[in-house]
Each structure stands twice: as structure tokens, then as C-alpha cells.
Amino acid sequence: MNQAILKALLSHYWRHPWQALFLLLGLTAGVGLWSAVQIINHHAEQSYAQADSLLGVQASYWIRHRSEQGIAQADYIKLRRAGFRQIFPVIEGQVSTPDGQPVSIIATDLLALRQSLSASLSASLPDNMFDQTFDGVENWLRLVQKPYRAWVPQQLADELGLIKGDQLRLRDGRQLPPALIQAQAQQGRRIFMDISAAFTLFDTDQFTYITVGQLTPKQFQRLRSFLPDTLALVENQQQLDLSQLTQSLHTHLSAMSLLSFAVGLFIVFNAVRFSLWHRRETMMNLRLMGVGVKKLIAAILFETLIWSLIGTLSGMICGLTIGHWLLPGLSQSLFNLYGATIDAVITLKFETLLLAWGITLVGLLWALTWPMYLQLKHDVLDANSPTLRYQAERASRRQLAFLALPLIITAFFLFHTMETAVEGFILLGLLLFAAAWLLPTLLAFGLRLAQACVPKQRLIGRWMVSDGWSQMPAFRSAMMALLLAMTANLGVGTLVDSFRSAFIGWLDVRQSADIYVRSSGSKIEQLLQAEQVAGETSSWLQDSHRRIGVTTRWQDQPTLVRGADTRAPDSLMFPLAQWLGDTPDDALSLWRNHSNAILANEQLHYLGGLQLGQTIQLDTDQGAVDYRVVGFFYDYGNPKFQFYLSSEEVAKRWQYHYSRGTALWLKPDPINNDTKSWQQVKKSLLAAGINRADWISQDDIRTLSVNIFERTFAITAAMNSLTLMVAAIALLASLLAIMQERLPEFAQWRALGVNTREQFLIICCPLLIFVVTAWLLAIPLGAVLSWLLIHKLNIVSFGWSMPMLWNMTPAWQLGGLVLVIVIATLLLSLLQLRRRLPDALAELGELS
Amino acid sequence: MLSIKNLRKSFGQPGGEVCVLDSISFEMQSASSVALLGESGSGKSTLLHLIAGLDKAQSGDIEFAGQRLSTLSESALARMRRHQVSLVFQQFHLISTLSVLDNIRFQAALCQRFDDAFETQLIDRLGLSSLLKKTPHQLSRGQQQRVAIARALLHKPELVLADEPTGNLDEQSSLEVMAVFTDLVKSAGSSLLMVTHSKEMATFMHRSVLLHNGRLTMVE
Chain R
419 MNQAILKALL SHYWRHPWQA LFLLLGLTAG VGLWSAVQII NHHAEQSYAQ ADSLLGVQAS
479 YWIRHRSEQG IAQADYIKLR RAGFRQIFPV IEGQVSTPDG QPVSIIATDL LALRQSLSAS
539 LSASLPDNMF DQTFDGVENW LRLVQKPYRA WVPQQLADEL GLIKGDQLRL RDGRQLPPAL
599 IQAQAQQGRR IFMDISAAFT LFDTDQFTYI TVGQLTPKQF QRLRSFLPDT LALVENQQQL
659 DLSQLTQSLH THLSAMSLLS FAVGLFIVFN AVRFSLWHRR ETMMNLRLMG VGVKKLIAAI
719 LFETLIWSLI GTLSGMICGL TIGHWLLPGL SQSLFNLYGA TIDAVITLKF ETLLLAWGIT
779 LVGLLWALTW PMYLQLKHDV LDANSPTLRY QAERASRRQL AFLALPLIIT AFFLFHTMET
839 AVEGFILLGL LLFAAAWLLP TLLAFGLRLA QACVPKQRLI GRWMVSDGWS QMPAFRSAMM
899 ALLLAMTANL GVGTLVDSFR SAFIGWLDVR QSADIYVRSS GSKIEQLLQA EQVAGETSSW
959 LQDSHRRIGV TTRWQDQPTL VRGADTRAPD SLMFPLAQWL GDTPDDALSL WRNHSNAILA
1019 NEQLHYLGGL QLGQTIQLDT DQGAVDYRVV GFFYDYGNPK FQFYLSSEEV AKRWQYHYSR
1079 GTALWLKPDP INNDTKSWQQ VKKSLLAAGI NRADWISQDD IRTLSVNIFE RTFAITAAMN
1139 SLTLMVAAIA LLASLLAIMQ ERLPEFAQWR ALGVNTREQF LIICCPLLIF VVTAWLLAIP
1199 LGAVLSWLLI HKLNIVSFGW SMPMLWNMTP AWQLGGLVLV IVIATLLLSL LQLRRRLPDA
1259 LAELGELS
Chain C
69 MLSIKNLRKS FGQPGGEVCV LDSISFEMQS ASSVALLGES GSGKSTLLHL IAGLDKAQSG
129 DIEFAGQRLS TLSESALARM RRHQVSLVFQ QFHLISTLSV LDNIRFQAAL CQRFDDAFET
189 QLIDRLGLSS LLKKTPHQLS RGQQQRVAIA RALLHKPELV LADEPTGNLD EQSSLEVMAV
249 FTDLVKSAGS SLLMVTHSKE MATFMHRSVL LHNGRLTMVE
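Top line first, the protein sequences correspond to chains R and C.
All residue numbers for the first sequence refer to this note's numbering, where the first residue is 419 and numbers rise by one.
All residue numbers for the second sequence refer to this note's numbering, where the first residue is 69 and numbers rise by one.
These aren't lab readings, by the way, just hints derived from the structure by calculation.
Incorrect hints may have been included.
As the list claims (entries may be wrong) - Here are the simulated DSSO-like cross-link-like pairs (lysine-lysine), alpha carbons at most 30 Å apart as the crow flies:
no., chain 1, residue 1, chain 2, residue 2
1, R, K582, R, K564
2, R, K1058, R, K1070
3, R, K712, R, K496
4, C, K267, R, K874
5, C, K73, R, K874
6, R, K767, R, K425
7, R, K941, R, K1101
8, R, K941, R, K713
9, C, K124, R, K874
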């Protein structure tokens, strides 16, 4: 390759730095968003591999109470005295801030942990390693001595507005120990503290579970034989479970990042097209001077290689930044959905860098191929002809529309055969790209329609509309990018809105009780018995529902079998998605009256393959028992399988069932009938010895649930906004390119007497026609996308369904937002035009 | 109608300031025609643009139809070009998305000044009748130039500024177009100031002036 050819071609970017900037911006935005998701996905996978490691201790097993009642301190002390040093008690719990934000607490015996780690690691690690983990002995001592310390990760501290020494006040008035701001691996968004601080905070004397470190087979056997009957040794399968459970979420994120990459690629496509268009004269001259097409192609490919390297580097820097920004959202989503925690610090892997460079290069080559082909296929002198350019634009429009057809046909077949989330996303990709490729034809249709609407005698009006034909090549790619961004926004927005509506409706039914008491054991039972004996004369109790449950595995997946009072108010309104019989009540009646009738969540139907009326076998303490599935109930957001039987049946079949809390419905206050008898219930609960931390009101649980929901989908909203932002950049790039390319023409019009207002309208009118056409297409396409996401992908990925909630408000809001973006980009580009027009007017002589 | 007094225009160049118009003074009456001759780079086009209000001089005055251009705002200058002045360029600059007929009517539509009889006369004289429904890229260069001339004259401007309007045509076509052009300018009652290299083209005008070394001299 000749250096002179390369110099001649690359010198273009010195004279047109804007083009270089937009090319770089497109690459950076596309690669940045894609790599950000890749980095955080990979990071999350790494975190799952260390799931449930606590301050350096990897849990191989957990010791849990068979009835999930908590483990007595005496049992733990016995184990330690028996020589088991690799066991650590844990208290886990959740509290909420005054504004309803959920905060998770995890506590362990730091003293035991320090001794154990120092002993086991001293051979390979420096003595002060543990103190380094705790940032020095002093800090460590503060953690285990009164008033203790709450070890808050930096990110959470920022969100809660905590600084070192602050005591976080909770919704119920309690306070956490003074904050120590420092994050550790696997801490995620949880607050660490010493077990003694947690005893005080949760007013308990029991552990939630005991973590067991690495054991030899001999130690394992010894531990198993040493455990009392009430305690079970449960193998840690969390890494496997988390990987399986979170796979769909990561696939969703990857798909969104690929969409962002595609949108970014449209900017690149536009920038490449304009850089080639502007260099047509240089290329024509080079060809006239005897430079062969092959040499020109080689030079441009070399240029592409350079751009791909620059784009990858800047994209990765941007990706790391966006990754850091998205990580709290992802971390929150993963924790809320799956209880998974991921580290706060992300790292870049060489493989990701290599992959990013690969897709950048492929993307650039794809963006380059067609314009370069058009540029070089014509004879030397023809390459500059506007006629050929016009014809090429028309031909390219038709070719794209023609190419969209096989995509639609393939999508149609895939729709009927898809079984996995990946296939579902391929289907969405095919549909979106088919729509994007059909868009130029629809834009042409929109222009023709607008032209037909302008009366024949309104020549200037017709001119303003018809100028769209000149603007179309520049706007084509930007409109495709905008269409994809708008469709994704509407589709995903509708999914989230539908989910929110279904979830809140579901909460209303499933959590209709006024108070939920977490406390298990005899205290609440005694209280309820006393109130039930009082019956009508009870001062506050209207009704109650004590639920029990057992954890088991079904098809090797974590599964919960719940026992419910079939005549409790919430059981009577159980929201069923599918049922045996004519109405949901028929199925609920079967469930109420037959001990072998079982309700299953939708996840068991869609992911587990269960069918209505099917008989299943569950392993109980009394051996395998047959149950008949009489209905599938909605169980939004639950990644696990879940069955419902009557409480009596669960209690009969499983010896070590545990309490899942008690729901209480209150009587109206005797003094003020509009309110419930809160004062009476509080007094009664406290008098019965139930701690304030052990009950939660319907309002609080609802606020907590809705907050968790909103935070879970924060990452989706962030990705949507970023994609729309990239589309806005594509639009601005196109407008600036038009200004640059057509500046002499605009100057010519000004010479003919066209004023500023008309100049503005002529740029604005076609753009508005294009944007409105793209928006009109995005509405049905967004509806189709959300329908597919809700009725196909959500079911295939997560295993639950919901009604689709479609209304035009988000479409209008999006239209308004896009209009603001269009006006902002128009103003920016018109400012640029205003700045450059005087020079262009003065240059008219040189041009003519 | 057009009066230029002590007009001076220079451009900053790497080697220093280059003065292209040095104290130019010039007068033009209504319905007259003037050929502006000069070598390449002598400043002919610059003078034309200053008169059209497309560029600004360092000093001196241009007065057109009773208005001093230096006192007019950008929008007032655009209004002047729209109603009173027409420009014809070597590159035609037709609007590619409009038909030939729409291109002809374009400037008349801008200033809302139509004359159906004159439109028919222009179309017939310029031989455009059979091309009205075509688009500019379907025309030859000669045909495009005729459309540009029709567009410049239909609204009967007071002054037509033409920058080598036949520069893209062969000699025979140039002579034919020029004969029709000057005749139609006369029919429109407009004045014509035309930049040209060709002395032959200059013979179509009432008088000729030569721009040389920034100075303007009459050509006998």
C-alpha cells in the first residue's frame, strides 16, 4: 500500500474533524454500551463462583434448622467445643430506611472468624492479612466491641448519605451501629456487622444459619453424625443455582447491549458514508492518476483497521465507566431477584477487549462495504454524478426492503418454534432489523403522502416537503437508529409498566392482610388462640392466616412447598392463571376439599413442564406422595418453583416444616371506624413478647415491595435512556453532516432570497416527516416487541405470564421526548449553520 | 438605480492583505446592461456578491433602489434579493427535488409575483415547453441553464446579476442562450450586470467595464 494514497485519504479528517469525531463517537457509544454489559455480566458470573463466601470463607455447606426456626447458640457452642473450627454463625435480616428503601444486614462471629482464618492461612499468608482485610487492628476491634460498627459498602453509603460514624436510622425508629465505610468482596450491598450487634438489632438470641467452610470427607461425616436431629447439613449449590437462575437476566442485558451496539453502528454507518462521500473527489482524482481500485480498497481497509483500534480503546474506556455506573443497578436487580451479591469493583479481561475489537472491526467493515461498493463500482468520472447518487439511493432503498422480507419470514418460522431466550432474542433482532430496513421505503411513502397533502399552488410548501428526498440519504441511518431506540423504549417500557401493574394488583390480593408477623414459635400461636377463643369479642383480630413451608428440590431446582389455610381471606382470592374446571373457584374448591390437590406456580408449568391435571410425586418424610395439579397461580418475579398445599397436609407429611409468618386482618378501630385498631394490635403483640422488628404493616411491606421492584428495573431504564441518547447523537451527526454537505446549496438558496425562517423550515419539515413516520412505525413495532417480550420471552426466560398493559401515554411521552431531542439537535445544527453561512455566501463566487 | 462609491474589499492571505477592489465607483441606470470583464481572480465575482449583499466591503457604499446596503440587516438583504435582485450562476443550482416548471416558478413564488403571460413567453423563448414535468437531473447542462435564466426573470427583478451564465456551455450554445437572455431581460424591464471573460458575450450589453488590479475602467 502506498503511503501517499493513505496520506491523501486520511488528510480528509484533518480538514473535517467533526466527521472524525462522530465516527469515534459512534464507535465509542456502541462499543462502550456493549462492553459495559459484557464486563458486568462477566463480573457477575465471577461473583457467582464465589457465592456465599463470607470474608474469605467459602461456604461448602450450611447448617440450617429443619423448621427454619433459627439455630440456638447452645448448638453452635457445642459444635465449636467438639473441635469444628470452620463453622461460623450467621444472622441475616432485612431492615428498611424511613423512606422504605430495603437494606440487608449480614452478621457473623468476627472473633471466631479471625481466629480461624489466622490459623488456617498463617502458612501461606502474612500474619497481618486478616487485619489488612479489616483495614487494621483498630478497626477490627471497633467492630467487635460496643457500640460496634456497621460495615457499609461505599456505594450504599453514598446512596444512604452516610459518612463514617453516622448511625442509620430505620423506619421503625431503631438505629444501626456507627458506620464504617469500606467494601469487601462479596459484600454487595449488604451491611456487615458483628453477631453481637445483630443480636441487639434484631432482638434475637438465635442464628439464621451456620456457614461451614471446606471440610474433608472425614470431617463431613463427623459433623453430620454430630448434628442433632433438628439441624440439617445443606450443600451449597448456590453457584449452580445462581448461574441457572440469572442466565435469563444476563441474556436480556446482552440483547439490550447488542441493540445499543447496533444503534451506535448506525452513527458509524452514517459517518463512514459521509467520509467516503466527501472524499469522492479525492478518490476520483487518485483513480484518474492511475491508482487502482484494489489499492484504494486496501488503503480504506487499513484506515478501518486504525479506526477499529481507536474505537475499541475508547469504547472500552467508556464501557468501564458505564459498567461502574450500571453495576449498582445490576447488583440491586440480582440481589432483589435472586439474592445474589456481586462485588463493587469491576475489572477488564483481555478476552473482552479482544472480542470488542473483533465486533468493532466486523461492524466497521459492514458499515463500510456498501458505501464503498457504490463509490467504486461506477466508472471514474461517474462517481461524482448526482443522478447516479439519486438512483443509487432509490436502488438501495428497494434492496433494503427486499432484504427485510427473508428476515420477516425467518422471524415468522422462529416465532412458532422458539424454545429458549436466545432464540427469542434472535426473533426480536430479526423483526427489529426487518423494520429498520423497511423504514427507508416507509420514509419515502411518508414523503409522498406529505407531498400529496400540500396543495399544488403552494410551491414553497411543496419545496419544503420535497427537499426530504435530498435529506433522506443523510437521515436514513439516523432514522433507523431512532426507530430501534424508540421501539426498544416503548417495548421494554410497556413490559415494565405491565409488570408493575400486574405486580401491584397481585400484591393487593396476595398481601391483603393488615399486618404480617415474621415471628415463629409459640408466642404468636398463643396470642391467636386467645384472640380466637375471644372470637367476636376480640378487640382487634378479624382474621388470621398462619403459613408454613418446607424447602425441597424439584427437577433439581430449589423448590418451596407452602402450607396455607385454605379458608383464609387471601386463600379464597388466590390469583390463578390456569385452573381445572370452569372457573378459578372450581379449582380452589378442589384444593380446599381434597388433600391431594395441589396448586403450582406458573414457573412449574412453563419451565418445569407441569400440566393441569397432571399427577406429581413429592418426596415427603413419609415417602413419595402423589398430588394432582388443579391450578397454576401467578407468582411474579419468583425465580424458584413453588407449590401450595393445605397447612394440615404439609404439617402431616413433613415433620420439620417451618413457619412462613402469620398474616393478621384487623377489625376497624372502635373509636374511628375508618381506621384499623392499630393501637390494640401493637399492645397485644408487644404484650405477647413479639418484638417490634418481627412485624410489618401492609403499607410498609407494600412500600418495600414497590421499592424493590423499581430498583430491580432501574438497570432497564438506564439502558433504555442510554440507547435513546445514542440515537440522539446519531440524529445530531446526521444534521451536522447535512449542514456540512449542503452548505453551498443553502448559501445558494440564501442568494435567491430564501430567509432564515424558510431555511429553518426546509430543514425542519422533512425531518419532522421522517421522525413522525419513524415514531408511527415504532408504536406498533413497540407493541409487537412488548407482546413478544411478555407472552413469549418472559415465559421462556422466567416462567411466568402477565396481562399486557398497552396504552398510548408512553408513546405520546416518547414522542414528546423525541421532539425535544429533535428540536435540541436542530438548534445545535442551525447554530453551526448560522456560524458557517456567511463564509459559504462569500465563497459562492469561488463555487461559481 | 445602482450606485457604488469608493468600494474597497481585501482578503487576508498568508503573504499579507490582498486588495481585490480598490476604491471602485460605478453607476448603473434602470433597464441598462453592463458586462463586467476581467481576468480570473480579478474580483469580478466578489463585486457581484457585494452588490447582491452576499458579502461585506471594508469601506465604501453601495446604494441600490434608494437603499444603502451597509445599513440593511441580513433579513432586509434577503428581502431585497427576493424581490428586486436575481442571480444567475455558472452552476445553475436548480432544486433537484422540484420539477422544471416548479424551478422556473420558484423565485416568483418566494416573492408572490406571477405573470402568466410572461411565464409562457419565457418558456417558449427558452424552448422549455416539452421539459416542464422533468426533474433537473434529467436535463442537459444547456437546458438546465435555460431553466436557471427563466427562474431569474419570471418575477421581473429590477436587477439581474449573472456570473458567467454561459461558462458551462459550448460557444454556439452560449451565443444562442445569450441572445435570448438579453432579449428577455429587456422584456422583463430589468437591468443586467454580467460577469464574463468573453468579449464576444460583452457585445450583447449596452456597455462594458474592465476590472484590473482592483480598479474599474470603461471599455470602449
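Verification of the supplied hints:
1. K582(R) / K564(R): 16 Å, holds
2. K1058(R) / K1070(R): Distance of about 24 Å is within 30 Å: holds.
3. K712(R) / K496(R): It is violated: about 82 Å lies between the C-alpha atoms, which goes past 30 Å.
4. K267(C) / K874(R): 44 Å, violated
5. K73(C) / K874(R): Outside the cut-off at roughly 45 Å; violated.
6. K767(R) / K425(R): 35 Å, violated
7. K941(R) / K1101(R): 14 Å, holds
8. K941(R) / K713(R): Violated. K941(R) to K713(R) sits at ~87 Å, over the 30 Å cutoff.
9. K124(C) / K874(R): Not OK: K124(C) and K874(R) at ~38 Å, beyond 30 Å, violated.
Of the numbered hints stated above, those contradicted by the structure are hints 3, 4, 5, 6, 8, 9, listed in ascending order.
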